[in-house]
Amino acid sequence: MIHLNNVSYTYEKGGGVSNINMSIADDEYAFLIGPTGSGKTTLLRLIYMDLLPQVGNVVIDKYDSTNIKQKRIALLRRKVGMIFQDYHLLDDRNLFNNIALPLHVIGYDKEEIVDLVAEALEEVGLDGKEDHFPNELSGGEQQRACVARAMIKGPDIILADEPTGNLDPVTSFELIKLLEEVNKEGTAILMASHNYNLIKGRGHRIIEIQDGTVRRS
Amino acid sequence: MDKFIFLLSEGIKNLWRNKLTSFSAIFSIFLTLVIAGSLVIISQNTNKVIEYLRDKYKIEVFFKDNVPIQKVEVVVASFNQIKGVRSTTLITKNDAEKIFKSQFGEDIMNLVGYNPLPVSCVVNIVKDDINKINIIPIVNKLKSYVEVGEVNYQGRIIFQIESYYQKFIRIMSLILVTVIFITIFTISNTVRLTIYSREKLIESLQLIGATRAFIKAPFIIEGILHGFIGTILASALLVGGLIFGNDIIISLFSVKIEYDIKLLILLLGGISFFVSIIGGSRAVSKFLK
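As they're listed, the protein sequences go chains A and B.
With this note's numbering, the residue at position 140 of the first sequence is 566, and numbering never jumps.
With this note's numbering, the residue at position 4 of the second sequence is -15, and numbering never jumps.
In case anyone wonders, no lab produced these hints; they're calculated from the structure.
Do not rely on the hints blindly, as some may be mistaken.
Simulated DEER-style distance windows between Cβ atoms [to be verified]:
hint, chain 1, residue 1, chain 2, residue 2, range
1, A, Q496, B, F225, 51 to 59 Å
2, B, S178, A, K536, 23 to 31 Å
3, A, D557, B, W(-3), 25 to 33 Å
4, A, E548, B, K181, 23 to 31 Å
5, B, W(-3), A, E562, 19 to 27 Å
6, B, L20, A, K488, 28 to 36 Å
Covered, in the sense of this in silico footprint (three residues per stretch, anywhere, with C-beta under 8 Å from a C-beta of chain B), are these stretches of chain A [what the hints assert, rightly or not]:
hint, segment
7, 496 to 502
8, 513 to 519
9, 527 to 533
The calculated lysine-lysine pairs, modelled on DSSO-like cross-linking and capped at a C-alpha distance of 27 Å, are [to be verified]:
hint, chain 1, residue 1, chain 2, residue 2
10, A, K497, B, K(-16)
11, B, K237, A, K555
12, B, K181, B, K(-6)
13, A, K497, B, K181
For each residue, glycine too, the CB sits at the ideal point set by N, CA and C.
Isolated chain B, as found in the complex (with noise of 0.2 Å):
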């Protein structure tokens, strides 16, 4: 127990001993945590407006006009089993009549005399998939039944917000570990130049007998210190900006940047003590004989 005592005093006591070093850590780590939680509440509020935008997809299916309703609503209910399909709605003879009059303001029986309308299905898709959604191949199983005439949807605009999505998390995983790598390299580098200076207490450490994890311990404990305080100043830095940033929005555009608090600061915490182990693990391996 002392000696765990020792070796969380020694970390601790690194970090004002090494005060410039500690500076260059701390900042490292808190630019790579506000790049990092920034992204992720870019992601988060990308992922509500891709949500929103996938509610509108859907693949209006019209049966043929022989087709009995009772088999029809088989047929409906089967379409729900289909990969990638959320709900269906379907649309009776008698409610694409009341849709008709509701949007054109005028009696389809009073027109042509009776009711042309097919009865047809509604299919909403998916929207909280982090995966492209590929909508063709839904489309081609409701063609393949007997039962189906015709199916309209919106192919074009969907494979366009879907390639558009990939391609923005594509492009957000790939920062996200460019600046994690980034830091890694920071931290392990600026741990590095502290170990220099304190070449001759590693070297009193060997030669007393001290072994490599004892050597290793006060390092990985100041590198997560390190971490613990840059997770702090990002975390408060973030929440800060989001509050007041918030304030801003919602008296200008009525919508509000949403974020989960505890997620952000788990995750920042979690990157943070990530990047602390092994950058500072790393650079005093690299020394250690």
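Just chain A, with the same shape it has in the complex (with noise of 0.2 Å):
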């Protein structure tokens, strides 16, 4: 589903990712550690398209990153839900709001959105906090509230930036946890993390990155 052919990306002030290749299923969950600075967000932005490859290519289903046109990158991003360390929630608008935002964006009707914010809170166990403010909620509420706003356009795969950077250890074990229910409903996931002891005996494939480089896939 995902294929990163040969790909290469540095920054003017150095670092980024050489010579990547690996690919990613339909349905996978899939960790990608490393230490800070080693490329994770790099190799996650490129795949969502917010950095191009100066080397090789991005493939995600039939959007390929040669020649991408801005409007194919923003039907690109539709199809894949996003998960950050600090949330990225809207401080200005309630939960439903955040979470419908990305159902409007599509152009989903009211009905339907009521009906799809409703179910992604239930599934993620902040149903009855609809009305609440991004800074009225703990910080693993917004995480799952991000889990919610990811998934809730059906999306093919959610990437996860250092989800738990931000939690406690209870609450990433969770997180994970929710991801995986998230995974078994088909949607594929990739999660970056430098905590290892977070993501082993998991039983799902590890990426590991180091220094720009794949060095196990």
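Bring the two chains, given one by one in their own frames, into a single complex with the hints.
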């Protein structure tokens, strides 16, 4: 489903990734592990095409990074859910409006949006909190809200960039289990983390990245 | 349809979410429109004055004595074809005699025993041309007729009036264009400030697959609303000021300031729509990757 073919990207001030070859299959749950600055975030940005490879190409379904237009990138991102360490929730909107935003972008009807948001909130255990604003929620709740926002549009894959970075160990495990539930429903997950203890022994594929290159895949 | 309603409601909500920047943008538009509206009203009334003055522009053409009246009539009719001529009035010898009597109270026939006054014609010049009226080519054309003996006109005064009028139009246009550009720039920067405060929203929208048009739409709608509110406020101030001002002016000078309320509101609405869309769109475009 996702193919990175000989992908390299170097920032102006150095760092990045080089000569990455890897694939993520449909329905796969994979961890991207490596120390801070190893290139995990760069790799994820290349997958959701926030960065375009300087060498090689990224292919996701029918979207190829080679000469891709901005509008096609927007369409690709409707098939990709994203979760970040710092949540990226909008402080001036309640939970309902935060989670409903991707559906407005796609163009769902109001009734469908109400039903889907209620369903998503229930799935992540936040039902009844739709009127709460992000600053009224705990870190774990905010991250579960991000999962709801990422999965609500039924993406092919969810990319999670250090989603447990701001969470305590118990909440972190809960989040990983929540993503496993999402994965069981058919969404591929690629989760970046620098915490090996958190992900070991869960039976998922581990892709190790160091100094911008894949060491183990 | 739901998408459009969402974008519209986002635009409206943004007005409230960004009260300070909304106020700045509305105030900028309001000021521009008050200045632009004032310029338009001044221009409209200056046009009335210039039309009044141009109405006084006259070229007097005196025909040679030996030209038969039938020929004069043909020549006068041909004067109407000259570019810049509005109308002509033929003054026969009999007409001239009557004018002499009404002006001097004496019958010229009694004074000199015959009528020495020549057949003449008053040539009136167009008065509603925005361009400078150059009377010299008209005079030269009139002089080129062999039947014409003498041409009298107020060359210097007409030249001065026309020069001042053209300077006035140029200055007014320059002020208007400058004000519009300053407003676009101000609105653009105001919206950019708003955008910096909503950087997170734009980034989130980009990450969840919003197109550029989708991201821009609420900002443009917000800009149009700024323009709409600015237009209402500026129109209210200008029309209110004109009604109140006219009451005073009429009582003092027996004249009033002329204005076309529909044209004024339409023009202000047009300017605000233009500056809001350009200003808002320019700001978001600069920010979007």
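Taking the hints in turn, this is what the structure says about them:
Checked against the hint of 51 to 59 Å, the C-beta distance between Q496 of chain A and F225 of chain B comes to roughly 53 Å, which is consistent with it. The hinted window of 23 to 31 Å between S178 of chain B and K536 of chain A holds, with their beta carbons roughly 28 Å apart. Checked against the hint of 25 to 33 Å, the pair D557 of chain A and W(-3) of chain B fails, with Cβ atoms roughly 18 Å apart. Hint check: E548 of chain A to K181 of chain B, Cβ distance near 27 Å, so the stated range 23 to 31 Å holds.
The given range of 19 to 27 Å is respected by W(-3) of chain B and E562 of chain A, whose C-beta atoms sit roughly 20 Å from each other. Between L20 of chain B and K488 of chain A the Cβ separation comes to about 56 Å, which falls outside the hinted range of 28 to 36 Å. Restraint check on the segment 496 to 502 of chain A versus chain B: 5 residues with Cβ-Cβ distances below 8 Å, three needed, restraint holds. With a threshold of 8 Å between beta carbons, the proposed coverage of the segment 513 to 519 of chain A by chain B holds, since 4 of its residues qualify and at least three are required.
Coverage of the segment 527 to 533 of chain A by chain B holds [criterion: at least 3 residues with CB-CB distance below 8 Å; count 6]. For the proposed pair K497 of chain A and K(-16) of chain B, the alpha carbon gap of about 17 Å is at most 27 Å, so the pair holds. Restraint check for K237 of chain B and K555 of chain A: the C-alpha separation of about 64 Å exceeds 27 Å, so the hint is violated. The straight-line distance between the Cα atoms of K181 of chain B and K(-6) of chain B is roughly 17 Å, inside the 27 Å bound, and the hint therefore holds.
Taking the CA atoms of K497 of chain A and K181 of chain B, the gap is near 20 Å; set against the 27 Å cutoff, the hint holds.
Checked against the numbered hints listed earlier, the structure breaks hints 3, 6, 11; every other hint is satisfied.
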